[in-house]
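Participant: One letter stands for each residue in the lines below.
Protein chains: 2
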Amino acid sequence: MQHPYKERSREELMCALAEARAEFETKKALGLKLNMSRGIPERRQLDLSMEMLSCLESPEDYIEAGVDTRNYGGVDGLASAKKLFAELLDVSPEQVIVGGNSSLNLMYDTVQRGMQFGFGGCLPWGKQSRVAFLCPVPGYDRHFTICEKLGIEMRPIPMTPTGPDMDEVRRQVKDPAVKGIWCVPKYSNPEGVVYSDETVRAFATLQPAAADFRIFWDNAYCVHGLYDEDDTLLNLQKEAEKAGNPNIAFTFASTSKITFPGAGVACMAGGREDIAYIVSLMQAQTIGPDKINQLRHVRYFKNADGIRAHMKKHAEIVRPKFEAVLERLERELGGLGIAAWTKPRGGYFISLDVLPGTARRTIALAAEAGVVLTPAGSTWPYKKDPNDSNIRIAPTFPTQEEIEKAAETLCACVKLAALEKLTEN
Amino acid sequence: MQHPYKERSREELMCALAEARAEFETKKALGLKLNMSRGIPERRQLDLSMEMLSCLESPEDYIEAGVDTRNYGGVDGLASAKKLFAELLDVSPEQVIVGGNSSLNLMYDTVQRGMQFGFGGCLPWGKQSRVAFLCPVPGYDRHFTICEKLGIEMRPIPMTPTGPDMDEVRRQVKDPAVKGIWCVPKYSNPEGVVYSDETVRAFATLQPAAADFRIFWDNAYCVHGLYDEDDTLLNLQKEAEKAGNPNIAFTFASTSKITFPGAGVACMAGGREDIAYIVSLMQAQTIGPDKINQLRHVRYFKNADGIRAHMKKHAEIVRPKFEAVLERLERELGGLGIAAWTKPRGGYFISLDVLPGTARRTIALAAEAGVVLTPAGSTWPYKKDPNDSNIRIAPTFPTQEEIEKAAETLCACVKLAALEKLTEN
Numbered sequence: 016m017q018h019p020y021k022e023r024s025r026e027e028l029m030c031a032l033a034e035a036r037a038e039f040e041t042k043k044a045l046g047l048k049l050n051m052s053r054g055i056p057e058r059r060q061l062d063l064s065m066e067m068l069s070c071l072e073s074p075e076d077y078i079e080a081g082v083d084t085r086n087y088g089g090v091d092g093l094a095s096a097k098k099l100f101a102e103l104l105d106v107s108p109e110q111v112i113v114g115g116n117s118s119l120n121l122m123y124d125t126v127q128r129g130m131q132f133g134f135g136g137c138l139p140w141g142k143q144s145r146v147a148f149l150c151p152v153p154g155y156d157r158h159f160t161i162c163e164k165l166g167i168e169m170r171p172i173p174m175t176p177t178g179p180d181m182d183e184v185r186r187q188v189k190d191p192a193v194k195g196i197w198c199v200p201k202y203s204n205p206e207g208v209v210y211s212d213e214t215v216r217a218f219a220t221l222q223p224a225a226a227d228f229r230i231f232w233d234n235a236y237c238v239h240g241l242y243d244e245d246d247t248l249l250n251l252q253k254e255a256e257k258a259g260n261p262n263i264a265f266t267f268a269s270t271s272k273i274t275f276p277g278a279g280v281a282c283m284a285g286g287r288e289d290i291a292y293i294v295s296l297m298q299a300q301t302i303g304p305d306k307i308n309q310l311r312h313v314r315y316f317k318n319a320d321g322i323r324a325h326m327k328k329h330a331e332i333v334r335p336k337f338e339a340v341l342e343r344l345e346r347e348l349g350g351l352g353i354a355a356w357t358k359p360r361g362g363y364f365i366s367l368d369v370l371p372g373t374a375r376r377t378i379a380l381a382a383e384a385g386v387v388l389t390p391a392g393s394t395w396p397y398k399k400d401p402n403d404s405n406i407r408i409a410p411t412f413p414t415q416e417e418i419e420k421a422a423e424t425l426c427a428c429v430k431l432a433a434l435e436k437l438t439e440n
Numbered sequence: 016m017q018h019p020y021k022e023r024s025r026e027e028l029m030c031a032l033a034e035a036r037a038e039f040e041t042k043k044a045l046g047l048k049l050n051m052s053r054g055i056p057e058r059r060q061l062d063l064s065m066e067m068l069s070c071l072e073s074p075e076d077y078i079e080a081g082v083d084t085r086n087y088g089g090v091d092g093l094a095s096a097k098k099l100f101a102e103l104l105d106v107s108p109e110q111v112i113v114g115g116n117s118s119l120n121l122m123y124d125t126v127q128r129g130m131q132f133g134f135g136g137c138l139p140w141g142k143q144s145r146v147a148f149l150c151p152v153p154g155y156d157r158h159f160t161i162c163e164k165l166g167i168e169m170r171p172i173p174m175t176p177t178g179p180d181m182d183e184v185r186r187q188v189k190d191p192a193v194k195g196i197w198c199v200p201k202y203s204n205p206e207g208v209v210y211s212d213e214t215v216r217a218f219a220t221l222q223p224a225a226a227d228f229r230i231f232w233d234n235a236y237c238v239h240g241l242y243d244e245d246d247t248l249l250n251l252q253k254e255a256e257k258a259g260n261p262n263i264a265f266t267f268a269s270t271s272k273i274t275f276p277g278a279g280v281a282c283m284a285g286g287r288e289d290i291a292y293i294v295s296l297m298q299a300q301t302i303g304p305d306k307i308n309q310l311r312h313v314r315y316f317k318n319a320d321g322i323r324a325h326m327k328k329h330a331e332i333v334r335p336k337f338e339a340v341l342e343r344l345e346r347e348l349g350g351l352g353i354a355a356w357t358k359p360r361g362g363y364f365i366s367l368d369v370l371p372g373t374a375r376r377t378i379a380l381a382a383e384a385g386v387v388l389t390p391a392g393s394t395w396p397y398k399k400d401p402n403d404s405n406i407r408i409a410p411t412f413p414t415q416e417e418i419e420k421a422a423e424t425l426c427a428c429v430k431l432a433a434l435e436k437l438t439e440n
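Quick note, the sequences are listed as chains W and E, same order.
Note that my numbering has the first sequence beginning at 16, numbered continuously upward.
Note that my numbering has the second sequence beginning at 16, numbered continuously upward.
Just so you know, these hints were derived from the structure itself, not from any lab.
Since the structure is predicted, the reported quantities are computational estimates derived from the model, not experimental observations.
Possibly wrong hints are sitting among the right ones.
Identical chains blur together in the list; that is why a pair holds if it fits in one copy or across any two.
[As the list claims (entries may be wrong)] Derived DSSO-like pairs: lysine-lysine, alpha-carbon spacing no greater than 30 Å straight-line: (1) K253 x K436; (2) K399 x K317; (3) K398 x K142; (4) K142 x K189; (5) K142 x K164; (6) K327 x K358; (7) K98 x K436; (8) K257 x K43; (9) K327 x K398; (10) K436 x K43; (11) K398 x K328; (12) K399 x K21; (13) K398 x K257; (14) K420 x K327.
Let's have the full structure, built from the sequences with the hints guiding it.
Facilitator: Laid out in structure tokens, this is it:
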């Protein structure tokens with residue numbers, strides 16, 4: 016364990032700064048060109064699902080229960096795909112819509128429908144005077160971008176180790192302007208937090224002032240554990256039903272990080288009324304999703320256990336990368352008192368909090384050394400991290416060898432930025 | 016040639032009515048169960064493209080110009096797919112967005128973007144006091160449904176044998192509330208009209224009062240000719256550019272009726288500024304379309320000529336069905352003076368105008384005899400055909416043998432409905 020910077024004398028810090036500079040130059044000289052900016056599977060993960068692409072052969076293979084998946088129809092998805100994802104999300108098939116390849120698209124369209132048509136029989140959000148979403152922070156930048164683009168006000172909610180601060184959530188939803196909250200409940204982006212049962216129940220029993228308030232439950236990492244013993248997340252849709260709140264939440268998921276990011280299948284679930292309403296709106300938008308690709312997924316995986324078994328293979332590839340980063344963070348930054356980080360048991364990210372006021376500088380230094388990180392502030396609404404301290408690490412895309420170098424480079428940048436800050440003026 | 020009903024005596028008509036009733040009962044006794052309601056390819060057409068589904072094999076096949084199509088990215092489509100559809104639509108690739116499987120979805124989203132964000136720097140349509148679209152009639156019901164759902168007023172424009180009545184269009188666009196027009200310029204739905212060069216130039220040089228007026232040019236049947244000699248349609252995007260109107264139109268197309276209705280690829284084109292603007296908005300909506308399916312299309316067809324050659328095979332299947340229907344219309348209804356129909360050289364529909372006030376009854380009779388037609392009024396905004404006379408015939412889905420029976424049944428219904436009408440009171 017290293018000695019904390021704050022307990023060192025200025026002279027010692029100046030000395031450490033010189034060392035950090037030299038170390039940074041060494042890293043820079045490696046000439047890396049690595050991307051840790053987004054949660055992107057690496058090539059070996061894509062290769063895992065190749066058999067799915069050839070599991071349908073003859074024309075007859077494409078016909079299921081009398082439905083020719085090659086032809087038009089099925090606006091809410093192929094029946095067997097609805098069944099598969101209903102099993103995965105533990106809801107009933109009539110609560111599920113299976114769409115195209117992008118759950119972000121399903122989320123965007125759902126928020127857009129709130130703006131254009133409204134929910135729960137209320138005035139469309141676009142016609143109400145004030146519309147706000149709660150945004151647990153740090154969070155997923157693409158959620159925040161949807162709100163920003165659609166002109167929805169964002170209010171940060173602090174995250175805790177068991178999920179969003181529910182006292183604050185309960186306080187906020189007393190305001191009828193609050194229409195939604197973005198959640199990544201399992202292995203949250205970027206912290207890897209799994210919401211506790213208490214948190215899920217608090218969501219299920221929420222009594223928002225607005226009848227058109229909805230929880231946007233982005234269960235992107237529902238089967239993305241890294242260890243044999245999976246973490247469990249209470250089923251929000253069921254808890255909400257029990258609590259007499261059946262239409263309070265929309266759940267989203269996809270196979271983007273199960274099969275192919277570019278050619279997976281996305282799905283959403285919700286209360287029966289809400290889903291029937293959305294399907295009725297969708298009738299004007301499309302004749303139906305790509306049912307062939309849905310059928311490929313169904314035939315390849317067969318059931319939710321098939322998906323879970325497949326995810327073990329992903330974990331074998333992803334886990335050593337997480338561990339390599341965590342090991343280096345501990346070794347290089349442990350005890351210095353300038354950084355804290357999460358130790359996720361799943362998902363795609365590690366959240367790193369550096370010395371306040373140095374995240375932007377750290378990211379700039381890393382870029383200079385050839386390691387691209389998510390832009391500073393991205394984990395906050397409007398890209399404004401008030402402390403300039405949060406950095407999202409996405410360890411999956413580089414190879415194992417690369418990620419080790421990238422993590423070491425990042426640590427050198429964190430130290431250098433911190434020492435620059437501590438020794439300024 | 017039969018003798019016109021209107022020149023017959025009441026006694027003769029009563030006699031014809033009795034015959035028509037008997038004929039209808041005979042048709043009904045066939046116990047048909049056929050669907051001519053929508054433009055759906057039949058099974059043999061789907062089988063034509065099976066090789067496309069297996070044209071990619073090893074992981075390397077999925078990598079194109081350094082892009083792994085299996086992974087994230089490419090919000091506006093795969094470069095080679097943009098090139099293919101740019102060639103097909105004869106525009107430049109930067110004017111093209113290649114999307115998912117549904118051009119209807121691209122159209123809906125484009126209109127929705129007009130509502131939410133606006134075009135040409137103008138106030139979003141949703142924030143303007145009045146928004147209207149021009150709707151050439153008869154037209155495509157799904158276009159009208161988009162407007163209806165989004166609360167856009169629809170104004171019918173008469174069709175002529177060379178396209179919409181352009182004098183009326185020019186008159187209407189003087190009203191700044193008019194923001195768009197729906198066109199199916201080649202083998203129009205349902206009449207099969209190909210817009211003349213003069214009509215296309217009139218569109219290209221249109222001077223609408225609204226800077227945010229756009230032509231929605233649904234070129235769904237751009238390569239869907241039935242005969243060896245193809246009909247040519249002037250390129251609206253190029254004519255508009257020449258006329259200094261580069262952003263006045265959006266063109267839409269898809270491979271739904273080239274490869275698979277359920278798993279084709281849709282694309283849109285437009286002015287460079289508009290397309291760049293739409294791509295910027297799409298960044299919030301999706302990380303990208305299914306690039307694997309786009310790549311399948313590119314590898315299978317190679318270029319626009321590949322698509323055109325493939326369409327000859329479709330024509331071989333579709334043409335005899337059109338001809339069978341036209342032959343029966345002529346044989347059964349020719350000369351009676353109770354019906355007129357188009358003789359399309361491509362597309363998916365025949366437009367039939369029956370005696371005013373009898374379309375609804377004809378369709379009901381056909382349903383009774385087991386032949387499902389598009390619901391009465393569907394070719395008009397709000398499903399209100401003021402003359403109750405237009406019927407859209409979609410001959411592609413039934414087999415050849417079935418379509419012959421269906422056409423004969425339809426003719427019997429047209430006659431019976433007309434005779435009921437002519438002999439009432």
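Participant: Now look at each hint and say whether the structure bears it out.
Facilitator: To see whether the hints hold, each was checked on the structure:
Taking the closest pair of Cα atoms, K253 and K436 never come within 30 Å of each other, the shortest separation being 49 Å inside a single copy and 58 Å across copies. For the homomeric pair K399 and K317, neither the shortest alpha-carbon distance inside one copy (44 Å) nor that between copies (47 Å) is at most 30 Å. Proximity of K398 to K142 under the C-alpha cut-off of 30 Å is found in both arrangements, the shortest distances being 27 Å within a copy and 28 Å between copies. For the identical chains of this complex, K142 and K189 are neighbours both inside a copy (20 Å) and across copies (28 Å), given an alpha-carbon limit of 30 Å.
For a Cα distance limit of 30 Å, the shortest separation of K142 from K164 qualifies both inside one copy, at 16 Å, and across copies, at 16 Å. For the homomeric pair K327 and K358, the shortest alpha-carbon distance inside one copy (19 Å) is at most 30 Å, but the shortest distance between copies (60 Å) is not. With identical chains, the CA atoms of K98 and K436 are never at most 30 Å apart, being 55 Å at best within one copy and 50 Å at best between copies. Neither within a single protomer nor between protomers do K257 and K43 lie at most 30 Å apart by alpha-carbon distance, with minima of 56 Å and 52 Å respectively.
When the C-alpha separation of K327 and K398 is checked against a cutoff of 30 Å, the pair qualifies neither within a copy, at 34 Å, nor between copies, at 53 Å. Taking identical chains as interchangeable, the C-alpha atoms of K436 and K43 lie at most 30 Å apart only when both belong to the same chain, with a minimum of 20 Å there against 88 Å between chains. For a Cα distance limit of 30 Å, the shortest separation of K398 from K328 qualifies neither inside one copy, at 34 Å, nor across copies, at 54 Å. In this homomeric assembly, K399 and K21 come within 30 Å of each other (Cα to Cα) only inside a single copy, at 26 Å, whereas the closest approach across copies is 78 Å.
Taking the shortest alpha-carbon separations for K398 and K257, neither the intra-copy value of 37 Å nor the inter-copy value of 42 Å comes in at or below 30 Å. In the homo-oligomer, the alpha carbons of K420 and K327 lie at most 30 Å apart inside one protomer (26 Å), although the nearest pairing across protomers, at 56 Å, exceeds that limit.
The structure is inconsistent with the numbered hints 1, 2, 7, 8, 9, 11 and 13, although it conforms to all the rest.
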